[in-house]
Structures are given as structure tokens and as C-alpha cells.
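There are 10 protein chains.
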Amino acid sequence: MDRESLTEKIVSLKRAKGISWKKIAEEIGRSPGFATAALLGQMSLTKEEAETAGQLLGLDENEIALLQQVPYRGSLPAAVPTDPLIYRFYEITQVFGTTLKALIEEEFGDGIMSAIDFELSVDRVPDPKGDRVKVTFNGKFLPYRRY
Amino acid sequence: MDRESLTEKIVSLKRAKGISWKKIAEEIGRSPGFATAALLGQMSLTKEEAETAGQLLGLDENEIALLQQVPYRGSLPAAVPTDPLIYRFYEITQVFGTTLKALIEEEFGDGIMSAIDFELSVDRVPDPKGDRVKVTFNGKFLPYRRY
Amino acid sequence: MDRESLTEKIVSLKRAKGISWKKIAEEIGRSPGFATAALLGQMSLTKEEAETAGQLLGLDENEIALLQQVPYRGSLPAAVPTDPLIYRFYEITQVFGTTLKALIEEEFGDGIMSAIDFELSVDRVPDPKGDRVKVTFNGKFLPYRRY
Amino acid sequence: MDRESLTEKIVSLKRAKGISWKKIAEEIGRSPGFATAALLGQMSLTKEEAETAGQLLGLDENEIALLQQVPYRGSLPAAVPTDPLIYRFYEITQVFGTTLKALIEEEFGDGIMSAIDFELSVDRVPDPKGDRVKVTFNGKFLPYRRY
Amino acid sequence: MDRESLTEKIVSLKRAKGISWKKIAEEIGRSPGFATAALLGQMSLTKEEAETAGQLLGLDENEIALLQQVPYRGSLPAAVPTDPLIYRFYEITQVFGTTLKALIEEEFGDGIMSAIDFELSVDRVPDPKGDRVKVTFNGKFLPYRRY
Amino acid sequence: MDRESLTEKIVSLKRAKGISWKKIAEEIGRSPGFATAALLGQMSLTKEEAETAGQLLGLDENEIALLQQVPYRGSLPAAVPTDPLIYRFYEITQVFGTTLKALIEEEFGDGIMSAIDFELSVDRVPDPKGDRVKVTFNGKFLPYRRY
Amino acid sequence: MDRESLTEKIVSLKRAKGISWKKIAEEIGRSPGFATAALLGQMSLTKEEAETAGQLLGLDENEIALLQQVPYRGSLPAAVPTDPLIYRFYEITQVFGTTLKALIEEEFGDGIMSAIDFELSVDRVPDPKGDRVKVTFNGKFLPYRRY
Amino acid sequence: MDRESLTEKIVSLKRAKGISWKKIAEEIGRSPGFATAALLGQMSLTKEEAETAGQLLGLDENEIALLQQVPYRGSLPAAVPTDPLIYRFYEITQVFGTTLKALIEEEFGDGIMSAIDFELSVDRVPDPKGDRVKVTFNGKFLPYRRY
Amino acid sequence: MDRESLTEKIVSLKRAKGISWKKIAEEIGRSPGFATAALLGQMSLTKEEAETAGQLLGLDENEIALLQQVPYRGSLPAAVPTDPLIYRFYEITQVFGTTLKALIEEEFGDGIMSAIDFELSVDRVPDPKGDRVKVTFNGKFLPYRRY
Amino acid sequence: MDRESLTEKIVSLKRAKGISWKKIAEEIGRSPGFATAALLGQMSLTKEEAETAGQLLGLDENEIALLQQVPYRGSLPAAVPTDPLIYRFYEITQVFGTTLKALIEEEFGDGIMSAIDFELSVDRVPDPKGDRVKVTFNGKFLPYRRY
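Chains as they are written, first to last, in the working numbering: chain A, 1 to 147; chain B, 1 to 147; chain C, 1 to 147; chain D, 1 to 147; chain E, 1 to 147; chain F, 1 to 147; chain G, 1 to 147; chain H, 1 to 147; chain I, 1 to 147; chain J, 1 to 147.
There may be inaccurate statements among the hints.
Stated by the list, open to error - 20 Å max Cα-Cα, derived PhoX-like pairs, lysine-lysine:
hint	chain 1	residue 1	chain 2	residue 2
1	E	K14	G	K14
2	I	K129	B	K129
3	C	K17	E	K47
4	G	K47	E	K17
5	H	K47	J	K17
6	E	K47	C	K14
7	H	K17	F	K47
8	F	K129	C	K129
9	B	K47	A	K134
10	G	K14	I	K134
11	A	K129	D	K17
12	B	K47	D	K17
13	I	K17	A	K47
14	E	K129	H	K129
15	J	K134	I	K134
16	I	K14	A	K47
Unchecked claim - Estimated spans, in silico, between C-beta atoms of each pair:
hint	chain 1	residue 1	chain 2	residue 2	range
17	F	D131	G	K22	51 to 61 Å
18	E	N62	H	E106	44 to 54 Å
19	H	D2	F	V125	49 to 59 Å
20	H	E106	J	D131	24 to 34 Å
Derived from the structure by calculation, the hints contain no laboratory data. Bear in mind that the values here come from a model prediction, so they are computed numbers and not experimental data. By construction, the Cβ of each residue, glycine as well, lies at the ideal position given by its N, Cα and C atoms.
Please construct the entire structure, taking both the sequences and the accompanying hints into account.
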């Protein structure tokens with residue numbers, strides 16, 4: 001069984017059992033951002049976390065082992081994503097990429113925001129005109145090394 | 001003069017005058033996210049805002065008019081960005097795109113986070129192990145219309 | 001069973017049973033645009049709608065559940081579509097994209113037509129020189145947020 | 001002067017003179033869809049139409065001649081458009097392309113909606129929850145020839 | 001069974017039975033251009049034509065039904081074809097595309113040659129220096145609609 | 001002056017002088033297919049032909065020399081052409097490529113239709129339902145060498 | 001069984017039986033260049049040749065028939081090959097393509113080297129500093145037809 | 001002046017002076033393959049060679065210096081070449097790439113033919129049925145290092 | 001069984017048996033760089049090495065034979081890798097490619113670092129601020145042949 | 001003046017003055033890897049460093065300012081590099097990417113080698129069979145954050 005099939009199976013089991021990503025995250029003891037990414041095949045779990053997740057969803061031993069392996073990352077089937085929800089993040093990069101670069105460099109100097117030493121979270125912001133999605137990226141600033 | 005050349009000129013004038021993006025934003029009366037995007041050719045300014053920016057930077061009338069025009073958006077020269085700072089946002093979309101989709105849909109149902117009714121901000125989070133970049137996206141949730 | 005196989009199965013069952021998309025849409029209580037998109041794996045149905053569709057076509061429980069799940073959207077196998085009927089819509093975007101941008105912005109200001117809060121319909125316009133296809137897109141105008 | 005530079009010049013003159021696309025269309029005696037496309041370098045004008053447009057905008061003889069020439073069509077700088085307004089039309093094709101194919105073929109049989117014997121219009125639909133954009137495509141149905 | 005597998009099966013049965021495309025076309029009562037395209041999954045047959053073809057080749061009911069369905073067109077596995085015979089047609093488009101455009105527009109005005117109301121034929125032209133292939137495209141001229 | 005600029009200049013001079021491609025072809029003593037391709041930078045002319053063309057259009061000596069040079073061929077700005085007239089030929093290759101391959105190989109055996117020892121012509125076929133464009137490709141059949 | 005699977009099977013049988021490409025070529029009575037290409041699915045064999053090859057390798061009747069069919073050519077999984085040995089030939093085309101064009105045209109005039117009426121061979125050139133690979137392409141010169 | 005412009009200038013001067021690539025090669029004291037590649041911007045010349053070439057063609061000092069600089073190699077404007085002469089070499093790689101790999105590895109073991117320690121030559125092979133182009137690649141065999 | 005499936009099986013067996021790449025390399029008697037590449041389907045092993053590896057992992061005879069075959073190289077599913085660890089090497093090529101070219105050519109003259117007569121190693125460099133990865137590429141310098 | 005033109009000018013001045021990259025690096029007080037990258041437009045210099053470099057090469061004030069600005073990084077004109085020296089690094093990523101991933105993860109766990117907190121160096125390794133290029137990448141290991 002490869003990782004992609006396991007992801008499909010997990011999504012299917014989760015639907016059948018009616019468990020939410022947040023619930024699984026709570027059981028594992030990780031934030032929803034981390035836990036969901038791991039179950040969707042983009043992060044690796046520790047043995048313990050994988051076993052907890054496996055019991056919740058009903059995975060076999062081999063599948064639980066697969067959850068602990070570092071995956072080949074990249075969750076999208078094309079360079080420019082076609083799914084509208086995910087495309088909006090690509091659009092933000094396309095339209096506001098130079099803005100993000102300008103503001104981060106003005107504040108921090110020459111470097112990047114790490115996507116490895118990195119957390120993401122999704123929150124609901126109630127708003128009478130329609131609730132809003134708040135997505136937060138929190139990554140360590142890494143300055144270019146001068147040598 | 002096309003918009004791309006104006007962007008280059010603005011960056012060059014800003015460097016020569018030593019003004020920060022935040023300062024320009026403050027003068028215009030907009031947040032740094034919005035004002036920087038506008039000056040980099042991704043958002044349009046009102047007549048007043050454009051004139052303020054024009055005076056700060058020393059733009060001529062035609063250039064000030066150009067700042068008020070809706071641009072053809074897209075700030076990057078390639079579908080997959082090569083600049084490491086900007087690439088990290090592409091990487092986040094590639095690696096965490098399905099996670100963002102899963103969490104937003106679990107919380108809000110079937111729909112998207114708007115990239116139009118949308119704000120972005122960049123903040124510094126002090127951290128003894130190295131300060132962190134916090135990027136916040138805040139967009140209205142738009143449910144798919146059922147008809 | 002993944003969503004793509006389900007779509008293939010639905011098309012096959014529909015052919016075997018000789019039911020039209022319009023008929024299914026009517027039974028479900030949605031417009032043909034919405035219902036067809038949902039059955040082709042691009043929109044999600046409510047539990048009730050999915051069950052109605054499932055009974056009409058003869059789907060099993062798991063397949064009916066799959067119809068209620070939010071799909072990874074994108075219905076075409078390539079960035080530039082090869083099917084002539086669908087290509088014509090791509091061609092319209094390529095040739096008239098800047099025209100649509102100019103006219104929408106002249107009428108509404110800086111923003112977009114939503115493809116989420118959005119309806120589409122297809123109608124026949126009788127014409128002695130050959131009937132015409134009328135495709136209508138109806139989406140909420142979303143102005144860019146100024147912040 | 002090539003056609004692309006003429007398009008840029010026309011946009012710039014129009015801004016300076018403060019004329020709308022609709023006004024130019026009216027003067028030429030064509031619909032806004034057709035006239036705007038022609039001035040943006042995607043359709044050709046007759047001699048008379050080109051002269052009217054030229055006088056309104058202040059074009060020279062050579063430029064007026066260029067407006068009458070059939071252009072090499074295609075108005076976008078990339079296969080997948082980056083501008084959010086235009087991208088939404090690409091998204092509609094990606095997400096609803098198979099739906100459009102299914103509905104047109106169910107109603108008309110095997111063939112296409114012409115993008116040549118074709119009209120487009122953009123209208124405002126007032127709505128208390130926010131006005132809506134209505135885009136209408138009206139093209140002759142062309143059945144595949146059987147031979 | 002999807003259309004692609006059916007195409008493979010048809011090619012295989014045809015080889016085993018030693019029937020030519022021309023023979024099948026004759027039986028169906030269509031030209032070789034149309035009939036071959038239909039059997040290769042690019043055109044749809046009527047019920048009667050599909051049954052004739054099915055009997056000749058030994059297809060089952062479901063496969064005969066599939067021959068009557070409008071296919072998702074596009075017969076090549078890549079945007080630039082790798083097969084040398086087919087590439088030559090791509091090369092002709094690349095090298096002589098602007099020539100074809102110039103000559104058609106000079107003769108007919110602004111418009112296109114339809115690829116829908118369209119016939120193609122392949123003939124042998126005996127020539128002492130080596131026989132020649134004559135490919136004829138015959139499509140209705142469609143002028144751009146002025147509106 | 002590079003070949004592309006010369007092509008643009010030739011198109012512009014031709015428009016100003018009101019000469020047709022057919023007329024130029026006749027003066028040069030070549031068919032319209034060949035002569036137009038040569039003037040659009042895809043074929044080379046002999047010294048005599050180039051001089052005749054140069055006099056007709058008003059080219060200088062250097063430009064006349066350029067007409068005699070073998071060009072780097074390829075007349076389109078993208079792998080998939082965006083111009084609707086030219087795209088139709090690409091569409092024919094995409095949709096009917098395997099049909100052309102099947103019919104040519106059935107008639108001639110394993111080989112190709114040459115695109116070098118090759119002629120093309122464009123003709124008008126009067127038709128009461130709308131005149132038709134007839135495009136003929138005539139290329140030597142080249143069998144694969146067995147060695 | 002499609003041609004690609006047959007190619008894989010042939011490679012596997014050849015390894016198991018320890019026969020060389022040269023040996024198979026000799027048995028078939030063709031050069032190694034031709035015979036290897038045919039067995040790798042890029043050329044077609046005659047009935048007799050296919051039967052000889054089939055007996056050597058242990059193929060069944062259907063597979064022997066497949067060897068006689070004209071294949072859809074193109075042996076690489078990507079437009080730019082990733083395998084280093086094959087990439088070097090791509091590199092030669094990229095780096096020396098214009099040189100080859102210049103030298104062939106200087107010697108022969110405007111035309112091409114045929115890749116159809118074409119032979120290739122691979123030889124070893126002993127060299128004290130390390131043996132050398134000599135690859136020879138031998139193709140008929142085809143002048144562009146003037147018409 | 002960049003290298004690409006210099007290449008264009010050299011081609012233009014060569015045409016004006018009527019010197020052949022072979023003649024220049026002879027004067028420089030290199031083979032036509034090497035010398036032509038160098039003048040087309042793909043190889044570097046020694047000081048002496050560059051000066052000889054410069055005098056023959058009439059280049060200035062700066063241009064002669066540029067001929068001695070190592071270029072950024074790659075002589076084609078697209079990944080898949082559009083020029084038919086050059087495309088044939090790409091086609092050979094596409095169709096016969098796996099054959100070349102099979103034969104070289106059978107003869108030499110696991111490794112590649114170097115495209116650096118490499119010579120190419122173009123020769124005419126007289127043939128009563130039409131002369132043939134013989135292209136020879138001669139590169140050192142490099143075995144993969146085992147470590 | 002094709003090579004890709006074998007790679008997947010090897011990774012799975014290795015996980016189940018808890019053996020490290022370094023351990024396998026040691027048993028085979030090759031460096032970790034070479035041995036890991038071979039087991040991941042990018043290098044070929046000798047009979048003896050393959051048998052040792054096969055016994056360690058529990059492969060059958062056919063699989064052991066496959067390990068000795070020269071593979072079609074290229075280990076990534078896309079031209080621009082999506083996995084962050086591997087992308088960093090792509091990024092280094094994109095950002096520092098011209099630097100590597102400048103420094104190698106300054107030191108060695110016109111040529112390349114071989115990727116065939118080549119070794120790679122990965123080492124840990126302890127560092128109080130966080131350990132560092134040291135990747136070393138060691139390839140023979142190959143000067144361009146002058147001929 | 002944009003950064004790309006400055007890079008071209010710097011290369012040209014360096015050639016005219018006959019200074020080596022190593023010499024400039026020494027004057028600036030940085031390693032050759034860093035200094036060369038900065039002058040080729042991929043890293044930014046401090047004011048002092050930029051002035052030193054400017055004096056060495058003869059740059060004006062504006063150009064010296066440009067050297068201190070953070071560039072939009074990415075030094076190659078295509079996603080797959082065509083220059084053979086640079087391509088070899090791409091090839092290493094393609095062929096050995098999964099090997100590097102396997103070895104780094106075995107040694108360090110789940111994470112990446114930073115390309116930001118990163119040094120590169122190029123050294124000559126004398127070897128009687130031909131000197132070797134040693135390229136060293138030294139980057140901080142960054143473990144994925146667990147949160």
C-alpha cells in the first residue's frame with residue numbers, strides 16, 4: 001500500500017466513522033494543522049501518535065507504520081492547482097508574493113520565513129456581514145548566511 | 001509607460017529617498033499590506049491616495065493616473081516562483097493545500113476563503129530562539145451557491 | 001472507490017437507464033447546472049439530494065456518501081482543454097478575457113465576478129439560421145477590500 | 001507600431017480623455033462586447049468604424065489602418081491567466097467544463113457552441129445582498145458534420 | 001469500460017479479423033475519415049451505425065452503446081505529438097499557420113475554417129518519383145459575427 | 001534587422017500598398033502557399049524572387065538578402081496556438097491525428113507524409129449554405145527505411 | 001496487451017534468456033539499430049521477422065502480431081528526457097542544433113536530414129585514453145519543395 | 001553587447017561577405033563543427049582564434065573578447081524545437097532514445113557518451129537516389145563511477 | 001515487476017526489517033551514496049552486490065536480476081520537485097547555478113563537473129547552534145574537447 | 001537600470017579589467033561563493049562591501065546602491081537549465097534527489113538542509129587521472145516543527 005492510497009482510505013474511514021479532523025488532532029495531542037497534514041500524507045507521526053490515530057480510524061499495523069515514515073511531500077496533482085479553495089492560496093502568492101517579500105524584508109532584512117520551522121492554523125472570525133476565515137502562518141525568520 | 005516600468009521606477013525612487021513601505025502606507029492612510037501591493041502594481045489607489053503617494057515619491061501626473069487604474073494582476077515571472085522567500089508560500093500551498101481545504105471545509109462547509117474580500121498582514125513575533133514571521137490572511141468565507 | 005470512478009459509473013448508469021440530466025435535476029430539486037455539476041464530481045449534494053440521486057441511478061450507500069463529500073475540483077485532464085466544445089470556453093477566455101475585465105471594471109469598479117456565489121444555465125435560443133446556445137453566468141460582484 | 005503597442009496606447013488615451021468603452025461602442029455603432037474587443041486588439045473594425053474610433057481617441061492614419069487588420073488573437077500573457085477577474089472564467093471552464101458539455105449535448109446533440117458566430121454581453125443585476133454580474137455568451141450551435 | 005480501452009480493443013479486434021478501416025466505413029455507410037475517427041473514439045455513431053460496426057468487430061451491447069456516446073475528444077497523449085506521422089501535421093501548423101491565416105483571410109475575410117462542419121479525406125496521388133499523400137480539409141467558412 | 005521585424009514590416013508595407021498575397025505570388029512566379037510562407041519568414045526565396053518581392057514592396061538591399069536566407073522556422077508564439085483560425089488546425093491534429101495516422105498507414109504502409117517535399121493550397125468551395133474553405137496538403141509519402 | 005507492456009516483457013525475457021540485441025538483430029536479418037528500435041516498440045517488423053523474434057524470446061501469437069503493427073512512436077516519458085545517457089542527445093540538440101542547421105544548409109541548401117529514410121548505428125572506437133562511442137545518423141537530404 | 005546579438009551580427013556579416021562556415025573554420029584551424037558552434041555562441045575560442053575570426057568578419061575588440069568568454073549554452077528558443085531541421089534531431093532522441101541507450105549499454109556497460117569530450121561532423125554521402133546527410137557524434141564513453 | 005514497484009517494495013521491506021541504508025551499503029561494500037541510489041533504482045549493482053542486498057531484504061531471483069539492470073534514470077515525478085528537502089537542491093541550482101558556473105570555469109576553464117564519474121556523500125557537522133548537513137559532490141572535471 | 005543589466009555590465013567590466021571572482025571576493029572580505037553570487041545578482045551586499053566592489057569594477061553610485069538591494073532571486077532563464085555545466089546539478093537532483101532525501105532523513109530525521117543558512121564552496125582536487133571538482137554544500141539542518 002502506498003501513501004496516496006492510505007490517504008484515500010483515511011478520508012474514507014473518517015467519513016464512515018464521522019470523526020472530525022479536530023477530534024483526531026486532540027486525541028493525538030497535536031494541533032489540527034499538524035495532525036491533518038500528517039493524516040493527509042504530508043507530515044510524519046511518532047509511533048505513539050500513529051498508533052492513536054490508527055486505533056481511532058481502524059488502520060492495520062502496516063498502515064500505522066506507514067504513518068511514521070517521512071513522505072515524499074507535495075499534495076496537489078498539478079503545478080497550478082485547479083481546486084478553487086486551494087487556488088486562492090496560489091492566487092495570493094501570485095498577486096501578493098512581491099508584497100510579502102517587500103514587507104518581510106523591510107522588517108527582517110534579507111532572508112525568508114521558514115516553511116519547516118513553521119505552524120499553520122485556521123480560525124473562524126465571526127462577522128455580521130458573513131464570517132471570515134483567518135489563516136495564520138507562523139515561521140521562523142531565517143536570515144541569509146553571510147560567509 | 002506601462003505598469004511594470006512604473007513599479008520598477010517606484011522601487012528605485014523609494015530606495016533613493018530612503019522611505020519605508022510602512023511610512024508610505026501611513027501617509028496614504030492604508031495598511032502596509034494594501035499600500036505596498038498597490039505600489040507594486042497589484043491594487044489600484046483612489047485619486048487622493050495616488051496623489052499622496054505620487055508626491056512622496058516624486059511621480060508625474062501620468063504616473064499618478066496609472067496608479068489609479070486597475071492593473072492586470074500577477075506579480076511573478078513564472079508559474080512556480082524561483083525567489084526563495086516567495087517560493088516558501090508556493091511550497092505551503094503545495095504541501096499544506098489539502099490540509100487548508102480539509103480544515104476550512106470542516107469548519108465552514110463547502111466554499112472558499114475569498115482572496116478579494118481579503119486582508120493580509122505581516123508581523124514580527126519576538127522569540128528567544130530567533131524571531132518569527134507571522135503572516136495572517138483574513139478573507140470572507142464564501143459558500144458555494146446552491147440553486 | 002474514488003470520485004472519478006464514481007463519475008464514470010454515474011455516466012454509464014445514466015446511459016443505461018436513459019435518464020436525462022434535466023430529469024435528475026428536477027427530482028433532486030436543483031437547477032440542471034448545479035445538479036449536473038454535482039453528479040460529475042464538481043459540487044457536493046446534501047444527504048437528501050444524494051439519496052434521491054442514488055435511488056434514481058442505483059448507487060450503493062458508500063457511493064451516496066461520496067456524493068455528499070466536498071470534491072477536489074477541476075474536471076479536465078489538461079490545463080488547455082482538448083475537447084472542442086470545452087475548448088471554445090477556453091478560447092473565449094483567451095480572446096475575450098481582457099474585454100470581460102474592461103467591461104466588468106467599467107461597470108462595477110475594481111473586483112471580480114464570483115465563481116462561488118455563482119449560477120450557470122444553458123438555454124436554447126431558436127433561430128431560423130440555426131438555433132443558438134445561450135450560456136449565462138451569474139455571479140456576485142466582489143469588490144477588492146480596501147484596508 | 002505593432003498591435004500590442006496600439007492596445008496600450010488606446011488604453012492610455014482613453015484614460016486621459018475619460019471616455020468609457022460603452023461610449024466608444026455607441027459612437028462606432030457596435031455593442032460594447034464587440035467594440036471593446038476590437039479596441040483591445042481581438043476583433044477587426046471596418047474602415048468607417050476604425051475612423052470613428054480613431055477620431056474619438058486621436059489616432060493617426062497608420063493606427064487607424066491597423067484597427068482594420070485581422071489580429072493574431074489571444075489577449076493573455078499565459079496559458080493559465082493570473083489576473084483574478086480573468087482567472088474566474090478559466091476556473092469556470094475547469095470546474096464546469098464537463099457540465100457545460102453534458103448540458104449542451106443533451107439539449108442539442110453532438111456539436112459545439114460557436115465562439116465565432118458569437119456575442120457576449122455583460123450586465124448588472126441589482127441585488128440587495130450585493131449586485132451581481134451577468135455574463136451572457138450567445139453562440140450558434142454547430143453540429144458535427146456527418147459525411 | 002471507458003472509451004480509451006474500447007479504442008484499444010477495437011484496434012486489436014480489427015487486427016485479428018483483418019478488416020480495413022475503409023471496409024468498416026463502407027459497411028457503416030460513412031466516409032473513411034468519419035468512420036475511423038468514430039471508432040478511434042473521436043466521433044459518435046448513430047445506433048444503427050454502432051450496431052453494424054459492433055457486429056463486424058464483435059463488440060458487446062455495452063460497447064455498442066459506448067460508440068453512440070459523445071466522447072471527450074482529444075486523441076493524443078501530449079500537447080506536442082511525438083509520433084512522427086502526426087507531428088508532421090503539428091509542424092505544418094507551426095510553420096504554415098500564419099500562411100494559412102493570411103490566405104484564408106485574404107480570400108474570405110475575418111473568420112475561421114470550421115473544424116466541426118468539417119470533412120477530411122486522405123488520398124493517394126500516384127507519382128513516378130514516389131507516390132504522394134493528399135490530405136484534404138473541407139470546412140465551412142465562419143465569419144466573425146459583428147454585433 | 002532580424003527576420004521577425006522584417007515580417008512585420010512586410011505585412012505593414014503590404015497593407016499600405018494594398019497588394020494581395022496572391023498578386024505577390026504571381027509576380028514572383030510561385031504559388032500563393034509558397035510565396036506567402038516565404039514572405040512571412042518560413043521559406044527562403046531565390047535571389048531573383050527576393051528582388052521581385054523587394055521591388056513590389058519597397059525593401060532595401062539588406063532586407064532582400066534576408067529573404068534569401070534560410071530562416072529558423074516556427075511562426076507561432078506558443079506551443080498551443082491561441083489564434084482561433086490557427087487553433088482549428090491544431091484541433092484537427094489533436095482530434096483527428098490518430099485517424100490520419102490510421103488511414104495513411106492503411107493506404108501506404110509504415111511511414112509519413114513529408115512536410116518538406118510538400119505543397120499546400122487554400123481554395124474556396126462555393127456552397128449555398130455558406131462557402132467552404134478547402135485546404136489541401138500534398139506531401140510525398142516517405143516509407144521508414146528498413147536496414 | 002498494449003505495446004508498452006510488450007516492450008517491458010521483451011526486456012524482461014531478454015534478460016532472463018541472456019540474449020543480446022545484436023544477436024536478435026542478426027537472427028532477424030536487420031541491423032542492430034533497426035531491430036532494437038522495433039523490439040522497443042518504435043518500428044514495425046514484417047511477419048517473418050516478428051516470428052523469428054517471437055521464437056527467440058518466447059512470445060505468443062498475439063504478441064507476435066503486435067510486433068507487426070505500426071506503433072504510436074515516442075519512447076520517452078517526458079519532453080526533456082531525465083535519463084543521463086539519453087539527455088546527452090537532447091543536450092547535443094540544444095547546444096549544437098543551430099550548428100547542425102548551419103552546416104547542413106551550407107552543404108545542401110534549404111531542407112532537412114530525413115529521420116524516416118534514416119539509419120542509425122552505434123560503434124566502439126578504441127582509444128588509449130578511454131574508448132569512444134561513435135553514433136552515426138545517416139538520413140536522406142530532403143530539399144524543401146518549391147512550387 | 002550580449003552574446004546573442006553578437007551571434008546575429010556574425011550571421012549578418014558572414015552573409016554580407018559571402019564567407020562559408022567551412023572557410024572560417026579553416027582559417028581558425030578548427031573543424032567546421034567546432035568553429036561554427038563557437039561563432040554561433042556555443043563554444044569559446046582562444047585569443048588567437050577569436051582574433052582570426054574577428055578579422056575575417058570585421059568585429060571590434062569588445063566583440064573579439066566576447067568570443068573568448070564561456071557562453072551560457074543552449075541555442076534554441078524552446079524546449080521542443082520548432083525548426084524542422086533541428087526538430088528531426090529531437091525526434092531521433094524521442095523515437096530512438098531508448099534504442100541508443102540499449103545499444104550503448106550493451107556494448108560499453110552502464111555509463112554515457114560524453115557530450116563534452118565530444119566531436120561532431122556533418123558529411124555528404126552521394127547517393128543516386130538523392131544524396132544523404134551523415135552526422136557523426138563521437139564522444140568518450142564515461143562509465144558510472146562505483147564508489 | 002517494473003523497477004518503480006521494486007523500489008517501493010524495497011522501501012517497505014527495509015522499514016519492516018528496520019535496517020538502515022548505511023547498513024545495507026556496508027554489507028554490499030559500497031558507500032551509502034552509491035548503494036542507496038542503486039536500491040532506489042538509479043544505479044545498477046553487480047551480481048554479487050545484488051545478491052547480498054537481496055538476501056538482506058528478502059527479494060526473489062527476478063527482483064535480484066532487476067537490480068543488476070541499468071535503469072531508466074530520473075527519480076522525481078515532476079520537472080520542478082515538490083518535496084521540500086529535494087526542492088532545496090533545485091533552489092540551489094536556480095539561485096547559485098550561475099555562481100557555480102563562474103567559479104568552476106574560473107578555476108578549471110571551459111568544461112563541466114561530471115555527474116557520471118561522480119561521488120556524493122552526506123555528512124553531519126556538529127554545531128552548537130544546530131547541526132549542519134554537509135553534502136559533497138566530487139566529479140571529474142571534463143574540459144570541452146577542441147577539435 | 002535593472003539588476004539583470006547590472007549583472008551583464010559587471011561581467012563585462014570584470015572581463016575588461018581582468019579581475020577574478022576570487023580576487024573581488026578577497027577585497028570584499030567574503031568567500032568566493034558568497035561574493036560571486038552577490039555580483040551575479042543573487043545575494044545582497046552591505047554598503048561597505050558594495051562600495052569596495054564598485055570601486056574595483058568602476059560602478060556608479062546608483063549601481064552600488066542596487067548591489068545592496070535584496071534581489072528577486074533565480075538566475076536561470078528556464079525551469080530545466082540548458083547550459084551543460086548547470087544542467088549537471090539539475091541532473092544530480094533528478095537522479096540522486098531521492099538518495100539525498102533518504103540519507104539526510106536517516107541521519108537527521110524529518111526535515112531539510114537549509115538553502116538559506118547555507119554556504120557553498122568549489123575546490124579543485126588534484127588527481128592523476130584528471131583533476132576533480134569538489135562542490136560542498138553546508139546548510140543547517142532544520143527539523144519539521146511539531147506543534
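**Message:** Holds or violated: K14/G and K134/I, Cα atoms, limit 20 Å.
**Reply:** violated (42 Å)
**Item:** 20 Å limit on alpha-carbon distance, applied to hinted pair K17/H and K47/F
**Value:** holds (16 Å)
**Request:** Compare the distance between the alpha carbons of K129/A and K17/D with 20 Å, and conclude whether the hinted pair is satisfied.
**Result:** Distance ~38 Å between K129/A and K17/D Cα, so the pair is violated.
**Prompt:** Does the structure keep K14/I and K47/A at a Cα separation of 20 Å or less?
**Reply:** Holds, at roughly 17 Å.
**Asked** Is it true that D131/F and K22/G lie within 51 to 61 Å of each other by Cβ?
**Response** holds (60 Å)
**Item:** 20 Å Cα cutoff - pair K17/C, K47/E
**Value:** holds (16 Å)
**Prompt:** Within 20 Å, alpha carbon to alpha carbon, are K134/J and K134/I?
**Reply:** Given that 20 Å is the threshold and the Cα spacing comes to 12 Å, the pair holds.
**Message:** For a C-alpha distance cap of 20 Å, please report whether K47/G and K17/E respect it.
**Reply:** holds (16 Å)
**Asked** Is the Cα-Cα distance between K129/F and K129/C 20 Å or less?
**Response** holds (10 Å)
**Message:** Range first: 44 to 54 Å. Now tell me if the beta carbons of N62/E and E106/H are that far apart.
**Reply:** holds (46 Å)
**Message:** For K47/B and K134/A, compute the direct alpha-carbon distance and say whether it is at most 20 Å.
**Reply:** violated (31 Å)
**Message:** A range of 24 to 34 Å was offered for this pair. Does it hold for the Cβ distance of E106/H and D131/J?
**Reply:** Roughly 32 Å apart at Cβ, these two residues keep to the hinted range, so it holds.
In this structure, the hints that do not hold are numbers 1, 9, 10, 11, in rising order.
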